[in-house]
Amino acid sequence: MTQSLVEIKQLCVHFPIFKGLMRKQVGAVEAVDQLSFDVLRGETLGLVGESGCGKSTTGRALLRLIDATSGSIKLNLQDSTNNSSTTVDITALGKGQMRPHRPQVQMIFQDPQACLNPRMTVASIIREPLDEHSKLSKSEKHAKVLQLLDDVGLNPSFANRYPHEFSGGQRQRIGIARALALSPQFIVCDEPIAALDVSIQAQVVNLLKDLQEKKGLTYLFISHDLSMVRHIATRVAVMYLGSIVELGPSEQLYKDPKHPYTQALLSAVPVANPAIEKTRQRTLLTGDVPSPANPPSGCRFSTRCPVAKEQCKTERPAWRELQDGRYIACHFAD
Amino acid sequence: MTENTTQVLQVDDLTTVFDTSDGQVHAVNGVSFTLHNGELLGVVGESGSGKSVTMMSLLQLLPSPPARLVRGQAMFEGKDLLRMSSAEIQHIRGREIGFVFQDPMTSLNPVFTVGYQLMEPLRKHLKLSKAKAKIRAAELLTLVGIPSAEDRLSDYPHQFSGGMRQRVMIAIGLACDPKLLIADEPTTALDVTIQAQILELVRELRKKLGMGIIWITHDLGVVAGIADRVMVMYGGQIVELAPVDELFANPQHPYTQALLLTLPSVDEDDNAPLQTIEGQPPSLDQEPSCCPFVARCDKAMSRCGSELPPTRELDNGHRVVCWLDAQTTQKGAA
Chain D
1 MTQSLVEIKQ LCVHFPIFKG LMRKQVGAVE AVDQLSFDVL RGETLGLVGE
51 SGCGKSTTGR ALLRLIDATS GSIKLNLQDS TNNSSTTVDI TALGKGQMRP
101 HRPQVQMIFQ DPQACLNPRM TVASIIREPL DEHSKLSKSE KHAKVLQLLD
151 DVGLNPSFAN RYPHEFSGGQ RQRIGIARAL ALSPQFIVCD EPIAALDVSI
201 QAQVVNLLKD LQEKKGLTYL FISHDLSMVR HIATRVAVMY LGSIVELGPS
251 EQLYKDPKHP YTQALLSAVP VANPAIEKTR QRTLLTGDVP SPANPPSGCR
301 FSTRCPVAKE QCKTERPAWR ELQDGRYIAC HFAD
Chain Z
1 MTENTTQVLQ VDDLTTVFDT SDGQVHAVNG VSFTLHNGEL LGVVGESGSG
51 KSVTMMSLLQ LLPSPPARLV RGQAMFEGKD LLRMSSAEIQ HIRGREIGFV
101 FQDPMTSLNP VFTVGYQLME PLRKHLKLSK AKAKIRAAEL LTLVGIPSAE
151 DRLSDYPHQF SGGMRQRVMI AIGLACDPKL LIADEPTTAL DVTIQAQILE
201 LVRELRKKLG MGIIWITHDL GVVAGIADRV MVMYGGQIVE LAPVDELFAN
251 PQHPYTQALL LTLPSVDEDD NAPLQTIEGQ PPSLDQEPSC CPFVARCDKA
301 MSRCGSELPP TRELDNGHRV VCWLDAQTTQ KGAA
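Just so you know, the protein sequences line up as chains D and Z, in that order. Quick note: the first sequence, position 104, residue 104 per my numbering, numbers continuous. Quick note: the second sequence, position 70, residue 70 per my numbering, numbers continuous.
Looking at chain D on its own, in the form it has when it is part of the complex (with noise of 0.2 Å):
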């Protein structure tokens, strides 16, 4: 049994919105509501959903760069040095207890441009979180730095280096070189391929599979990609409106999805063979997703759904598991 390495419970993030001269809280976005998964250790558990769906929010809760607003978020961090583990519950921490487990969780930013400071040199950026964390002397820093640049695959001699002087793909590697630094156990990637070009795209995602093969690292991989993240994760949780609708296998869900949205979802990707394009029957969905402030009573999807009926549009479904690792939340998927 592979020990879990971040366990959620009934995790909520609502943010509230004031209206008024008072400022008086009319009502909340229930960006994510209800979640509950594990992330396995050496795992790569893929987060997918549309924009607005809560992804995100997800991932900075799990960092506690956002609060929760209820729910639990269990780390079960490992201890190199004596082999213990010890389980920490991040959303009950005060302020500054969170600090020393910062090391071991750390995240890949979306966009590269603007996650890297323009001021600082490659070396400083990447050295930032050695400063802030750990003990080292100053030329123990800079030779972690440099075998840190050559594990991402960027010349050391850039190390002087501005960030603009780089290109997309290659901000992302410094991106990826400085979330690296303190040895972390888990790392939430959020969106980390979606501004790059297709061929650049495929070279992050090799980079990310060889870094966790060589230092056993668990993934969190958030993404719309739905191809992609069919590639890089061992499970997959597909979200919709704050709530996750299904999770499996990453090869059980893409071939045989149980879910409604699932099913709509993975019809709707272009696939890149004319012959499979012309004959594909598509389930299209109609309309939007609606607002995450007014979410729709019961189930979430029944607005959109095309097997509906109107127990759905009452009756919240159960998260329950359907087969042996398949989560769904679906009153009639068997």
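Just so you know, the hints here were simulated from the structure itself, not pulled from any lab data. Treat the hints with care, since some could be wrong.
[Stated by the list, open to error] Below, computed lysine-lysine pairings styled on DSS-like, alpha-carbon distance capped at 27 Å:
hint, chain 1, residue 1, chain 2, residue 2
1, D, 255, D, 278
2, D, 278, Z, 299
3, Z, 207, D, 278
Once you've looked at the hints, dock chain Z against the given chain D.
Okay, now just chain Z, sitting in the frame of chain D:
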């Protein structure tokens, strides 16, 4: 495409240069292609490959300076688009040739209602009265699948979702029944389920209206689903042009072959690392004197780096610009 169909557009040797303070950027280098009536031509390439600049040059949409047309002609209905005065081209833009821009969030004017923006080309080009333009505008919105169209005319762009805004953009492009519609990455900013809706809409509109369409995208899957012919661009040049089935089944240029291999698929199980195209796209700061792909090509020969490759015409309208002759390419692919 059969020989007797009429040509809508014929572009010959189009070359555009940007004069910047850091020197020249050769964005489009000798691009030639034709578009037939009722045909959908897909244009694919990475960012910076000159897809958009080519199409913007055709309609004189680039600010000049820095953009400068070096040579070439673009015949549209017996007239050269590139030699027209700005008054003349204004009669063509929006009337004979519709343009759909990439980003639906920024290409609609936020301070005018959607109805006003839809009626603008109708009143200007077709000289319709206000009342008639309003009826036509409502028809157009219905055509692109926006419910209760008449009421929505008085709404502002921010009241529409991304997918709806892109539909409005398409409606504006179609407003005056153009003979040619140029769509510049119309679905790139949208989610897959919305993209599927738009693609379905375009398939239907083509059946109904039968105009020529140029569809710029970087997604080979989208092209496979809707295009009749595909043009692959790299480094400001066309490297390959072929009917869609032919291109995907029998790609001749090493770049096209590599591009097809880098794509992961939602339908295949494959845990092998993705194929990558090593290196970076060319910088385009000099007039091309050799094949633009030579630095990243695994089949490059010595003459590839010193001479411009010839254009070879194969059967069924397949055109490729490469030094490898047909036989050696097939050996390389086998």
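Verification of the hints:
{"no.": "1", "hint": "D/255 <-> D/278", "result": "holds (20 Å)"}
{"no.": "2", "hint": "D/278 <-> Z/299", "result": "violated (33 Å)"}
{"no.": "3", "hint": "Z/207 <-> D/278", "result": "holds (15 Å)"}
This entry does not satisfy hint 2, going by the numbered hints stated previously; all others are met.
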